[in-house]
Amino acid sequence: MRQPLHSLLGTVLAAGYLPERASSVAEGVDRIFGFIFWLSAFFLALILALTVLFVARYRKRPSRTEPEPSPSQNLRLELVWSAIPLALVMVVFAVSTRTYFRMSEPEAGGPALRIQVTARRWSWWFEHPGGKGAGDLHLVAGRPTELVMVSTDVIHSLYLPDFRLKQDAVPGRFTRLAFKPILPGRFTITCAEFCGTDHSRMTAQAVVHPDQASFDAWAREGTQAAATLADVGRAIYAAKGCIACHSLDGTPRVGPTFKNLWGKEEKLADGTSVRVDEEYVRESILKPGAKVVAGFANVMPPVPLDEREMQGVAAWLQTLRDGP
Amino acid sequence: MTTIAGTAPALAAGESYLEHGHGLRSWLLTLDHKRIGIMYLAAITGALLLGGVFALVLRLNLWRPAGGLVSNDVYNKLFTLHGAVMVFLFVIPGIPAALGNFVLPLQLGAKDLAFPRVNLISWWLYMTGAALFVATLVSGGIDSGWTLYPPYSLEESRGLGILLALSALFVVGFSSILTGLNFIATIHTMRPRGMGWFDLPLFLWALYATGIIQIIATPVLGITAAMGFLERLFHLGIFMPEYGGDPVLFQHFFWFYSHPAVYIMILPAMGIVSEVVSVFSRKPIFGYRFIAMSSIAIAVIGFFVWGHHMFVSGQSRWASLVFSFLTFLVAVPSAIKTFNWLATLYKGAIDLKTPMIYVLAFFAIFGVGGLTGLFLGALATDVALHDTYFVVAHFHFVMVGAELTAFLAGLHYWWPKMTGRMYGETSGRVSAVLVFLGFHLTFVPQFLAGVAGMPRRYATYAPAFQANNRLSTVGAFVLALGLVVALAGLVVSLFRGQRAPANPWGAASLEWTTPSPPAHDNFAETPRGNKPYDFTGLRLVSEDAGWVRAAGEGRG
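Those protein sequences? They're chains A and B, same order as listed. Under my numbering, the first residue of the first sequence carries the number 1, and numbering increases by one thereafter. Under my numbering, the first residue of the second sequence carries the number 1001, and numbering increases by one thereafter.
Hint data in this document are derived by calculation from the structure and do not stem from the laboratory. Among the clues, some could well be false.
[Stated by the list, open to error] Chain B side only, calculated, beta carbon under 10 Å to chain A, not exhaustive:
id, residue
1, Asp1073
2, Gly1244
3, Asp1246
4, Val1248
5, Arg1282
6, Phe1286
7, Asp1351
8, Gly1370
9, Leu1374
10, Phe1375
11, Ala1380
12, Asp1382
13, Tyr1533
[As the list claims (entries may be wrong)] Each computed DSBU-like pair below joins lysine-lysine, with the alpha-carbon atoms no more than 35 Å apart:
id, chain 1, residue 1, chain 2, residue 2
14, A, Lys291, A, Lys264
15, B, Lys1347, B, Lys1531
16, A, Lys291, A, Lys132
17, B, Lys1531, A, Lys60
18, A, Lys287, A, Lys259
19, B, Lys1347, A, Lys132
All residues carry an ideal CB built from backbone N, CA and C; glycine is no exception.
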């Protein structure tokens, strides 16, 4: 993901450390970054150089016990060193704001790919055009994209370091992020707004397809075939975010693992036990607090499912057993 | 007037404030601003140690990408309490309440603050708030981050710890308001004869500007805490979307206080720097009026920049434009101050005592902290850097690095006045160097991690960031060692330190004209105002007798 030194003039040092530039805005952002970087570097060097120089020259020592006479004010000097920083920060403000406003304008290059984003603890869900939902974000290189974002619980923030983009997903309102990916590949998506236990594991991938055909091929996968009940269940698992807390490989996370769960006698927090069957699964999905498994916190939100979806989950859980 | 400085120690009869009254009760119910300052100092030192231990556990957990020292939930509680304790119990009250309380009346030649009882109430409110924070910790803690953003913080499933934390904010806020009120009233009404506004020591200009922020911004924190409290209990629908509220509204209220609060932290620090840089260069401060007025400018403009914390929250881009503009504007007074400090060094006779070394460290750290703020005030770059480790590093440079070095500069500078003992120069200088190195080792790698895309508040992280995090963890321990050396040096000096003369540094402001430590009533006779940066006529008699102003010289 990291690439060696960019050779772009003037941003060698700063940009060499930056992530890849996977969106059309990244280059403009990096140019501002480089500008501020060198401006800051100059002033920091000035401050440090003057400090070191003055301390070295004017340090109190046997041959220098008293200061030399020098004025304690100078209006012209004050105005100069007020005006120069003022002018410079106004330049930074102007160029940065211009780039930011360009970032938020619609991109040229055809109709935007509109993707509905749902954030919830602790996973992302992306509904792509054509009804294909996925835990990863699929994009097309060169095609303008608009993400329409909601959160079902707390505030999250979709962060694409390689795209230089970030947008909060706020419960109770829609937020938007428009951009154009330019580099095919896989890039990291993280959550940047603190959201609890697994905040740091709320990651996904942005998969940028090289062209529309590749995206379309992906979008058709799996959607045409008649789905079995177990397929419905598996899709619910990803789409509703169960994946964030319930593993499939036997490791307990925030909630119990689904591996070998079906048919098991579960010990509950209140000391009783229950057999995992259709009825228990239904109750645990609709009223998660009713029978909490011992050793786990009562943190799961209710997940309203229709009957076919409920059947699907039960059918799918049965496929997750090792034995018969 | 006759100059009392030289002969004051012998003349000012009577016991020092430390011997005026004995026993715990004589401290806890004291109305003496000096004793209240010392009690604040003890309390904030405790807060610093508590918050520091939290920080070290956090850094140890980040030694490995997968964490593992503590669970994610415990990590989240630890960083929440680290932030809350450091911000509300150490950094905000640190310089004004501890050092300001002690020094302000002395610099005015006054007997006490305008409202001594209110001052005592402030301290008790602070302690009550601190007790509520500890109760929050004992009752299971909260894990929402010190920013307490709803809906997360106010969810039913998070328990009632949040109510304790909000109560703590409310109470601590009142402590801060009363302190600010007291300082402003005192500076207005108790300046001695002959001391005009532009004869105030710059530390007092800084405390005055801080007071303005404290009394205007802090009530908003109290109101926000109260609204959060009621929302959590009665579901009024202010902040929680499920009851029809707006979580972003909370962010506006929170930052309307908490951004100016950054200036509550840094303005008094700048005040200390202005005092120390002048005294230890043996030169009048350069550009007095510009430094004084830039404190006021920062306090005023600082009220209108809060929206720069919310550039990616869904805020209108036109609002973001205005907030970005004002943010750049508030950078200018800080630049002006910096140049004036540097000009003060020019042609001076720079004495590298511990306070001055801390101030030189401040120049570098505040330089980095201020300049990296440009990246975050700029809209284009903030979008990428917001909520990453770049922000963490930036605000630690300002709120920890700059504030802490200035605090330690001020603490060493006024230590002889407060305790009557000279601290040891060796341990002081060693601590300053360790703090400087440890601080940079801790936070420079965090800038790099942030630029590369590591979000903040992460209990675990991608393996690519391991090197940054390990350097940072090592640095945190070096920094802690530096602080331990400083603390140990100061504590040892209480018992072994040389007796301090009235004026060990050759400073010209009024607190140095009374014995160290001062008597209960501060001054044997009310002094006249003087020029606080006029060092003419001050001569070092001996290490034991300190500096004495020859009669008739200077405008003392």
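Hints, one by one, checked against the model:
1. Asp1073: 6 Å, holds
2. Gly1244: Gly1244 (chain B) check passes; min Cβ-Cβ to chain A is 8 Å, inside 10 Å.
3. Asp1246: 7 Å, holds
4. Val1248: Because about 6 Å separates Val1248 (chain B) from the closest Cβ in chain A, which is inside the 10 Å limit, the hint holds.
5. Arg1282: 5 Å, holds
6. Phe1286: 6 Å, holds
7. Asp1351: 5 Å, holds
8. Gly1370: 9 Å, holds
9. Leu1374: At 5 Å from the nearest chain A Cβ, Leu1374 (chain B) passes the 10 Å test, so the hint holds.
10. Phe1375: 5 Å, holds
11. Ala1380: This interface hint holds because 4 Å falls under the 10 Å limit.
12. Asp1382: 9 Å, holds
13. Tyr1533: 7 Å, holds
14. A:Lys291 <-> A:Lys264: 14 Å, holds
15. B:Lys1347 <-> B:Lys1531: The given pair, whose Cα atoms are some 21 Å apart, holds under the 35 Å limit.
16. A:Lys291 <-> A:Lys132: 34 Å, holds
17. B:Lys1531 <-> A:Lys60: 23 Å, holds
18. A:Lys287 <-> A:Lys259: Satisfied, since the Cα-Cα distance of roughly 21 Å is no more than 35 Å.
19. B:Lys1347 <-> A:Lys132: 72 Å, violated
Going through the hint list in order, the structure does not satisfy hint 19, though it satisfies all others.
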